[in-house]
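Asker: Sequence:
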Amino acid sequence: MTKGTAAGQFASASYKPAGKTGTAQSFYDGPDKSKTGTPTYNTTLVAYAPYDNPEVAISVVVPWVYNDYGQRYSITNELGRKVLDKYFELKSKQSKENTAEKNKDKIEKEATE
Numbered sequence: 221m222t223k224g225t226a227a228g229q230f231a232s233a234s235y236k237p238a239g240k241t242g243t244a245q246s247f248y249d250g251p252d253k254s255k256t257g258t259p260t261y262n263t264t265l266v267a268y269a270p271y272d273n274p275e276v277a278i279s280v281v282v283p284w285v286y287n288d289y290g291q292r293y294s295i296t297n298e299l300g301r302k303v304l305d306k307y308f309e310l311k312s313k314q315s316k317e318n319t320a321e322k323n324k325d326k327i328e329k330e331a332t333e
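Count the sequence shown with our numbering and you get residues 221 to 333, in order.
Simulated from the structure, these hints should not be mistaken for lab results.
Be a bit skeptical, because a hint or two may be false.
Unchecked claim - Mimicking PhoX-like on lysine-lysine, the simulated pairs with C-alpha atoms at most 25 Å apart in a straight line are:
1) K316 x K326
2) K236 x K326
3) K302 x K236
4) K253 x K302
5) K236 x K253
6) K253 x K240
7) K313 x K240
8) K240 x K329
Claimed, not checked - Pairwise CB distance ranges (calculated):
9) Q245 x K322: 46 to 52 Å
10) D272 x S315: 15 to 21 Å
11) E317 x N273: 22 to 28 Å
C-beta: ideal position from N, C-alpha, C; glycine also.
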């Protein structure tokens, strides 16, 4: 992501992500009934990486974000960055420990049971 709302959050990522943010106007309808009806936003990020040969895709949805004058995407983009960072960290760790194939076999076996 070299342009757009999430570009700053992902600028230093080594895994070449691509993505799209989104905003929808909403009203609070959560557990705190004293805030019901308060104008809020639902923010989203859909991303994948690496952009030239995708191997992972994510979607982050954060409901009931209050208008904070341009900072609404911050939490959504931070969560997306943490998720993708962790994915590539674990991938690297599995590669070093040679556990990727073992885990793949285990997952496939459990999925078919």
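Asker: Would you mind marking each hint as holding or not holding in the structure?
Answerer: Hints and how they fare:
{"no.": "1", "hint": "K316 x K326", "in the structure": "holds, 18 Å"}
{"no.": "2", "hint": "K236 x K326", "in the structure": "violated, 29 Å"}
{"no.": "3", "hint": "K302 x K236", "in the structure": "holds, 14 Å"}
{"no.": "4", "hint": "K253 x K302", "in the structure": "violated, 31 Å"}
{"no.": "5", "hint": "K236 x K253", "in the structure": "violated, 42 Å"}
{"no.": "6", "hint": "K253 x K240", "in the structure": "violated, 32 Å"}
{"no.": "7", "hint": "K313 x K240", "in the structure": "violated, 28 Å"}
{"no.": "8", "hint": "K240 x K329", "in the structure": "violated, 34 Å"}
{"no.": "9", "hint": "Q245 x K322: 46 to 52 Å", "in the structure": "holds, 47 Å"}
{"no.": "10", "hint": "D272 x S315: 15 to 21 Å", "in the structure": "holds, 19 Å"}
{"no.": "11", "hint": "E317 x N273: 22 to 28 Å", "in the structure": "holds, 23 Å"}
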